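Asks: Need the complex rebuilt from these two chains, each delivered in its own frame; the hints are there to steer you.
Chain order of the listed sequences is A and B. Numbering follows the working numbering, in which position 112 of the first sequence is assigned residue number 112; successive positions increment by one, without gaps. Numbering follows the working numbering, in which position 79 of the second sequence is assigned residue number 79; successive positions increment by one, without gaps.
Please note: incorrect hints may appear among the correct ones.
[As the list claims (entries may be wrong)] Straight-line C-alpha distance at most 27 Å; calculated BS3-like pairs for lysine-lysine:
#1 A/Lys-16 / A/Lys-100
#2 B/Lys-57 / A/Lys-100
#3 B/Lys-14 / A/Lys-100
#4 B/Lys-57 / B/Lys-9
[As the list claims (entries may be wrong)] Residues from chain B that keep clear of chain A, each with C-beta distances beyond 10 Å, as calculated:
#5 Asn-1
#6 Thr-7
#7 Arg-11
#8 Lys-14
#9 Gln-17
#10 Ser-18
#11 Asn-28
#12 Gly-40
#13 Val-50
#14 Pro-61
#15 Asp-62
#16 Ser-67
#17 Gly-77
#18 Asn-103
#19 Gln-105
#20 Thr-114
It is worth saying that the hints were derived from the structure and are not from the lab. For clarity, every value in this text was computed on a predicted model and none was experimentally measured. For glycine and all other residues, C-beta sits at the position ideal for the given N, C-alpha and C.
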Amino acid sequence: AQKVTQAQTEISVVEKEDVTLDCVYETRDTTYYLFWYKQPPSGELVFLIRRNSFDEQNEISGRYSWNFQKSTSSFNFTITASQVVDSAVYFCALSRRDDKIIFGKGTRLHILP
Amino acid sequence: NAGVTQTPKFRVLKTGQSMTLLCAQDMNHEYMYWYRQDPGMGLRLIHYSVGEGTTAKGEVPDGYNVSRLKKQNFLLGLESAAPSQTSVYFCASSLRGGLLPNNEQFFGPGTRLTVL
Numbered sequence: 001a002q003k004v005t006q007a008q009t010e011i012s013v014v015e016k017e018d019v020t021l022d023c024v025y026e027t028r029d030t031t032y033y034l035f036w037y038k039q040p041p042s043g044e045l046v047f048l049i050r051r052n053s054f055d056e057q058n059e060i061s062g063r064y065s066w067n068f069q070k071s072t073s074s075f076n077f078t079i080t081a082s083q084v085v086d087s088a089v090y091f092c093a094l095s096r097r098d099d100k101i102i103f104g105k106g107t108r109l110h111i112l113p
Numbered sequence: 001n002a003g004v005t006q007t008p009k010f011r012v013l014k015t016g017q018s019m020t021l022l023c024a025q026d027m028n029h030e031y032m033y034w035y036r037q038d039p040g041m042g043l044r045l046i047h048y049s050v051g052e053g054t055t056a057k058g059e060v061p062d063g064y065n066v067s068r069l070k071k072q073n074f075l076l077g078l079e080s081a082a083p084s085q086t087s088v089y090f091c092a093s094s095l096r097g098g099l100l101p102n103n104e105q106f107f108g109p110g111t112r113l114t115v116l
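Just chain B, same shape as in the assembly (with noise of 0.2 Å):
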């Protein structure tokens, strides 16, 4: 099993670009997240999903959108990327979400994007 997989690893965009963040995971889970780390600030949450067809936006959402077509996928755009969106990005799977058991988040490597 690879776990969570995150493309690219490394991205440098200039301002007014666009580019989109792959997350996929293979443990079929049903609920998956994107995160923002910087530094001081730690995880911050961007959006997330609760299962295939569904979004729901998080604690820093604008400037981003996301997609969950598929169970195993979930897309991280930035339409046009600013320096205030320099970051690592973090994806994250979980079984089940909230207060059930089996709700701990599995990470995958991170993305890290620089905006000129």
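Isolated chain A (complex conformation) (with noise of 0.2 Å):
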């Protein structure tokens, strides 16, 4: 079965603090995708990245970090020194071979002033 999971559902932290969003994942497949996409309390949702299950290595984009570990199956998402516009739902997905992509329930991150 292919699965993720955001175990987290509701994280709260104070401004300037690094948090960690946590995602696992499940696949049969040796070949799959997996993406972080943001929906801020305005609603909309907006892709943030991908990363291909051969490439291993870390993503840093800004204050923004990804950790992919296949040993662990998980691809964990990093904020480093948080702001309040950080503040939203985050969701965690894997690519499927049927042309589908699987959400995770995502985690709501409170960025306290």
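Replies: Given below as structure tokens:
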């Protein structure tokens, strides 16, 4: 079975703290893609990153970084020096062979001023 | 580029009424998807299309129909709306799907539908 688990339903941190959002996935495919999306309070879904299963190199984009570990089937997302604008629901997702993407249930992140 | 647009943004229906939600994309994407988002349920796939003239069922297709007559448009229809279909509906598109590169989905702004 293919599955994406985001065990943290809701997280609150104080502004400028670092925060890591966990994502654990299950798949039998040897080739797959993982994604992160952001849904701010305004409601739209914003694509953040795609990671190929063959590329385990960590990715950094400004204050955002992603840690992909095949050994633990995890694709965690870290925000460094968090800001109030980072408050959102974050979704992790996994591609499937049948053209679909499986989404986790999301982690709601509150950044407190 | 407008990206993915959805019409309307909000709608209130009475039980039994019908309506069509329109999704349009100007990125020349092959794949298009309709999701619904309910509190605590994440995103659930209703129907999708892998190209003009094709449609396929997703996770929760009952009560909905779709059509993809033109590559840039993907229509979602509710023939006889029910209160259980109260939700936020998102359309998405991608250049490719499955396990191919460029398979990331880009989303429209959503349609908030209430069925009384």
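Asks: Next, verify each hint and record whether it holds.
Replies: Hints, one by one, checked against the model:
{"no.": "1", "hint": "A/Lys-16 / A/Lys-100", "result": "violated, 36 Å"}
{"no.": "2", "hint": "B/Lys-57 / A/Lys-100", "result": "holds, 11 Å"}
{"no.": "3", "hint": "B/Lys-14 / A/Lys-100", "result": "violated, 32 Å"}
{"no.": "4", "hint": "B/Lys-57 / B/Lys-9", "result": "holds, 24 Å"}
{"no.": "5", "hint": "Asn-1", "result": "holds, 15 Å"}
{"no.": "6", "hint": "Thr-7", "result": "holds, 15 Å"}
{"no.": "7", "hint": "Arg-11", "result": "holds, 15 Å"}
{"no.": "8", "hint": "Lys-14", "result": "holds, 24 Å"}
{"no.": "9", "hint": "Gln-17", "result": "holds, 24 Å"}
{"no.": "10", "hint": "Ser-18", "result": "holds, 25 Å"}
{"no.": "11", "hint": "Asn-28", "result": "holds, 17 Å"}
{"no.": "12", "hint": "Gly-40", "result": "violated, 7 Å"}
{"no.": "13", "hint": "Val-50", "result": "violated, 6 Å"}
{"no.": "14", "hint": "Pro-61", "result": "holds, 12 Å"}
{"no.": "15", "hint": "Asp-62", "result": "holds, 17 Å"}
{"no.": "16", "hint": "Ser-67", "result": "holds, 18 Å"}
{"no.": "17", "hint": "Gly-77", "result": "holds, 21 Å"}
{"no.": "18", "hint": "Asn-103", "result": "violated, 6 Å"}
{"no.": "19", "hint": "Gln-105", "result": "violated, 6 Å"}
{"no.": "20", "hint": "Thr-114", "result": "holds, 15 Å"}
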